[in-house]
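**Q** Read off the chains here:
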Amino acid sequence: MPKRIRLTLDGVEAVARLNEEAAPETVAKFWAALPVEETLRHVRWGGEAGYILIRKLADKTQPIENRISIYPPASIGFRPEHGEVAFSYGQAQARDHVRPATWACHLATIETNVDAFFAKVRATRAEGGKPIRLAREESR
Amino acid sequence: MAEKTGDDRRGTSIELTVSGASARVALWDDLAPQTVAALLESLPLEAPLQHCKWSGSACFADVSKGAIAGVSGLESPVVSIYPGVLAVRPPAPGAPGAELLIAYGDAEYRWPDGRRQVTPVGELEPGAGAVLDALAATAAKGRTTIRLRLAEGR
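Residue numbers (my numbering), protein chains in the order written: chain A, 15 to 154; chain B, 220 to 373.
One thing to keep in mind: the hints can contain errors.
Stated by the list, open to error - Calculated cross-link-like contacts (lysine-lysine; reagent style DSS-like; alpha-carbon spacing at most 30 Å):
no., chain 1, residue 1, chain 2, residue 2
1, A, 17, A, 74
2, A, 144, B, 360
3, A, 144, A, 70
4, A, 17, A, 70
5, B, 360, A, 70
6, A, 43, A, 17
To be clear, the hints were calculated from the coordinates, so they are not data collected in a lab.
Based on the provided sequences and hints, a complete structural model is requested.
**A** The structure is reproduced here in C-alpha cells:
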C-alpha cells in the first residue's frame, strides 16, 4: 500500500500520496523525519507555492530522484540541498537566487481536499506564514 | 511657483513609509528622467505592498493610477535590483499599469518565463534599516501598505 501523509495547514487537512516507487531513498528519509511541525511561508523565487525547511533533511550530497523543475499542480516538491518542501498551488518552478531554474524531487501528490488546502497555501502570500503539521497517515 | 526643470530635480528626495517605518529615497533623475518625473507627478501614492514570488528578496506594488501608471518604456534598464533600490516596471503587454519594486536583499526581476528589465529610479538613503526590516517582514507577515510622498526640505 502506498505511503500517505496527513497535512494540517492552519486547520485545513489534506492527504498526500508519497511517490515511493520513483523516489525510494527520498521517501524513506522523509518518512523517518515525520512528524514535522513548521511555519509555511510563501516562496520568494519559485512562483506560486509555499514552503517549509526541514533542516535535519538538508543534504547537499543526496541525489535528486524523480526529477522535476516545473512543479505540477497539487504536487509536493523536495530539494535536498536545503531540506525544502514546496507545495505548489499554481505556476511554480524550482528556482533560487543563483539559478533561474533547477531541480527538485517530485516527492508527493495531494489527493484529498486539494482546493481548500491550496487556498490556504495561496493565502500565505497576503496573510503571512501559517502553521503546518506533516504526519504519517498510518499514525492516526 | 515655477515648474521645475530636469536639472532642478537632480537630487530630489521622497519619503517612503512601510508598516510605520520611514526613510528618504534619493531619486536618480539623471538615470531615469521620464520615469522619475512621472513618479513625482503621481505623489502622494499609497498602494498595497506584497512580497515578490518570482524575484527574490523584494516587494512590489501594482500602480494603476497616475502618471507613473502610464510611463512609456524603460530607462537605464537593469535586471538585478540591489538592496534599498526602488525600481519601476512600466506597462507591458499583458501587464497594464506599472509595478513599483523595492529590494531588501538579493533580487532579480523575473517573470515565470525568465528575467525581465526594470527602470531603477532611486535608492534609500543611509539609516533606512527599519524600512528594510519592514520589507523583509512581509515574507513572514504578509501584505502591508507602501506610502510615498515628497520629502520635506528635499
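**Q** Decide, hint by hint, whether the structure agrees.
**A** Checked hints:
1. 17/A / 74/A: With a Cα-Cα distance of about 25 Å, the restraint between residue 17/A and residue 74/A holds, given a limit of 30 Å.
2. 144/A / 360/B: This hinted pair holds, its Cα atoms lying about 9 Å apart.
3. 144/A / 70/A: The given pair, whose Cα atoms are some 21 Å apart, holds under the 30 Å limit.
4. 17/A / 70/A: Status holds; Cα separation ~21 Å.
5. 360/B / 70/A: 25 Å, holds
6. 43/A / 17/A: 13 Å, holds
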